[in-house]
Amino acid sequence: MINIIKPLRKTLHCLLVGLSVLWATISTAGTPVIEIRIKDHLFFPDTVPVPVDTKVKLLVINEDSTPEEFESYELNREKVIPGHHKAIIFIGPLPAGEYPFFGEFYPKTAQGKVVVTP
Amino acid sequence: MFLSSVVLILQEILEAALLVSLLLAFSRINNLRLYWMGGALCLGFAGALLLSLNMVAVSEWFDYVGQEVVNASLQLSITLLLTLLTLLYTLGSPATLRWLPLCMVLSVACALTREGSEVFIYIQGALSQPPHVRPTLTGAGIGAGIGISAGVLLYYGLLGLPRHWVVPSCLLLMAMIAGNMAAQAAMLLIQADWLPYSLVIWDSSGWLPENSITGHLLYALIGYEATPSLLQALAYGAGILSVALAWHVGRIRRTTAS
Numbered sequence: 001m002i003n004i005i006k007p008l009r010k011t012l013h014c015l016l017v018g019l020s021v022l023w024a025t026i027s028t029a030g031t032p033v034i035e036i037r038i039k040d041h042l043f044f045p046d047t048v049p050v051p052v053d054t055k056v057k058l059l060v061i062n063e064d065s066t067p068e069e070f071e072s073y074e075l076n077r078e079k080v081i082p083g084h085h086k087a088i089i090f091i092g093p094l095p096a097g098e099y100p101f102f103g104e105f106y107p108k109t110a111q112g113k114v115v116v117t118p
Numbered sequence: 001m002f003l004s005s006v007v008l009i010l011q012e013i014l015e016a017a018l019l020v021s022l023l024l025a026f027s028r029i030n031n032l033r034l035y036w037m038g039g040a041l042c043l044g045f046a047g048a049l050l051l052s053l054n055m056v057a058v059s060e061w062f063d064y065v066g067q068e069v070v071n072a073s074l075q076l077s078i079t080l081l082l083t084l085l086t087l088l089y090t091l092g093s094p095a096t097l098r099w100l101p102l103c104m105v106l107s108v109a110c111a112l113t114r115e116g117s118e119v120f121i122y123i124q125g126a127l128s129q130p131p132h133v134r135p136t137l138t139g140a141g142i143g144a145g146i147g148i149s150a151g152v153l154l155y156y157g158l159l160g161l162p163r164h165w166v167v168p169s170c171l172l173l174m175a176m177i178a179g180n181m182a183a184q185a186a187m188l189l190i191q192a193d194w195l196p197y198s199l200v201i202w203d204s205s206g207w208l209p210e211n212s213i214t215g216h217l218l219y220a221l222i223g224y225e226a227t228p229s230l231l232q233a234l235a236y237g238a239g240i241l242s243v244a245l246a247w248h249v250g251r252i253r254r255t256t257a258s
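In order, the protein sequence lines correspond to chains L and Z.
Using the numbering used here, the first residue of the first sequence is number 1, and each one after it goes up by one.
Using the numbering used here, the first residue of the second sequence is number 1, and each one after it goes up by one.
It should be emphasised that the hints constitute simulated quantities derived from the structure, not laboratory data.
Among the clues, some could well be false.
[What the hints assert, rightly or not] No more than 20 Å apart at the CA atoms, straight line, and that leaves these computed lysine to aspartate or glutamate pairs for EDC-like:
#1 86/L with 63/Z
#2 57/L with 35/L
#3 108/L with 63/Z
#4 55/L with 210/Z
#5 113/L with 210/Z
[Said to hold, decoys possible] Heads up, incomplete: computed chain Z residues facing chain L, CB under 10 Å, no partners named:
#6 8
#7 54
#8 63
#9 207
#10 255
Don't be surprised by glycine CBs; every beta carbon is placed ideally from N, CA and C.
Please construct the entire structure, taking both the sequences and the accompanying hints into account.
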């Protein structure tokens, strides 16, 4: 049984990754990418400038060995990022203003904000 | 670590606890046996474990938005299952009523898979850091305790209502949970860029912030959002409407049949 499940899982994984690459190429071409790193339960940078009325793709790279959850009430976003892994979160287009975000697993230290300016 | 653990676990547990209590009260008032809960807990636990263990692979699907797609699918499944449950219940024939436990098992299992997987990932991360183990586990225990207590309160609160109000109240709450799940699924699909961005239709964060205790409770119970987008609100309305429609269709069919 295990002999069947393993290749099936692999095939499904490959298929979904393949589909996803195709999807990404079609749907998000031209969206600016902004990189945020998590290290020692801190965000780098902790202030993320974003142009007004522009959709951006946040590439959040977790350099810690522990997972973190990117969360923002103001941006209506939440996403778990496993340790030593990365995640993509789309935000905007947003009006000018400040949008705080935090790491829900380590909220004391993992704090940051998206600053949208014209 | 302690306080953040309490808040995080409470948030995750609350939503599932309220759904469980609501369905238990619904079963009790309709004299359904409660054995389905055992199946739902086992299936939900297994689902949460499976999802948390495969989170790295799932996160990579669909160009790193697999997490959103899987979670939104689970939430939309809950909306559909609550709609189906309402329809089967309102139709009221023995042939339809016998499917109610299966609908309840699957909807609770989906809720537990979604919420439980985050709890497992969080606890697993904390366990890898010895100084965090004790405060995290104590906080998790207290958070789970408060969440389950809120569920128990809702259960006895519903059953304490005058008898003829219990089923309508359960159906109303089911409609709200269906709307809440649809709205959360919409939010995740917007985050994944599978649905387009839409304007924020109101901002009530000034007088009722989402991160307040009342905000968390209302979020879990009726899907309160301080800054919802138009699409989220439409999805919420569609979720409520689907349960209302199921109730209406069921009643008409039942009247016609009798």
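Against the structure, the hints:
1. Annotation: proposed proximity of residue 86/L to residue 63/Z holds, straight-line Cα distance about 11 Å (limit 20 Å).
2. Of the supplied pair hints, the one linking residue 57/L and residue 35/L holds, its CA atoms being roughly 8 Å apart against a limit of 20 Å.
3. For a cut-off of 20 Å, the pair hint linking residue 108/L to residue 63/Z is broken: about 30 Å separates their Cα positions.
4. Of the pairs offered as hints, the one joining residue 55/L and residue 210/Z is violated, with about 24 Å between alpha carbons and a cut-off of 20 Å exceeded.
5. Pair hint residue 113/L plus residue 210/Z holds up; C-alpha atoms about 17 Å apart against a cutoff of 20 Å.
6. Annotation: interface hint on residue 8/Z holds; nearest CB of chain L at approximately 6 Å, less than 10 Å.
7. The restraint placing residue 54/Z at the interface with chain L holds, with a minimum CB-CB distance near 9 Å, inside the 10 Å limit.
8. With a least beta-carbon distance of about 4 Å to chain L, the hint placing residue 63/Z at the interface is held under the 10 Å criterion.
9. Checking residue 207/Z against chain L by beta carbon gives a least distance of about 14 Å; that is not within 10 Å, so the hint is violated.
10. Checking residue 255/Z against chain L: minimum C-beta separation of about 42 Å lies over 10 Å; hint violated.
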